[in-house]
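Position one of the sequence shown corresponds to residue 17 (my numbering), numbered consecutively onward.
A few of these clues could be false.
[To be verified] Pairs of lysine-lysine, DSSO-like flavour, derived with a Cα cap of 30 Å: (1) K35 <-> K76; (2) K76 <-> K40; (3) K76 <-> K33.
[Unchecked claim] Pairwise CB distance ranges (calculated): (4) K76 <-> H48: 12 to 20 Å; (5) D31 <-> N59: 12 to 20 Å; (6) S71 <-> L50: 23 to 31 Å; (7) V69 <-> G22: 15 to 23 Å.
Hints listed in this document are in silico derivations from the structure and should not be mistaken for laboratory results. From the three backbone atoms N, C-alpha and C, an ideal C-beta is built for every residue, glycine too.
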Amino acid sequence: MRNFIGEVIELIYIDRKGKITQRKIRLQGIRHNLIRATCLNTNQPRVFRMDNVLSWEPAKGAGKDAS
């Protein structure tokens with residue numbers, strides 16, 4: 017995942033309440049067990065715990081210039 021910093025990825029994630037969500041994010045950085053990103057669903061900064069990511073992949077048709 018570190019190779020995709022600055023790019024858009026899609027992830028499936030379990031939030032702290034146990035709800036499973038799918039989000040498209042622009043990956044800003046990874047430090048320790050935390051992923052810093054901008055959620056493109058809400059256009060807000062978010063932090064995700066890596067151990068709560070169920071699945072991820074590069075967003076189709078999205079690159080560094082996509083939003």
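Each hint, compared with the structure:
1. K35 <-> K76: holds (24 Å)
2. K76 <-> K40: Holds, at roughly 10 Å.
3. K76 <-> K33: holds (28 Å)
4. K76 <-> H48: 12 to 20 Å: violated (29 Å)
5. D31 <-> N59: 12 to 20 Å: holds (18 Å)
6. S71 <-> L50: 23 to 31 Å: Hint violated: Cβ distance 18 Å, outside 23 to 31 Å.
7. V69 <-> G22: 15 to 23 Å: This hint holds: roughly 18 Å between Cβ atoms.
In summary, the numbered hints that this structure violates are 4 and 6.
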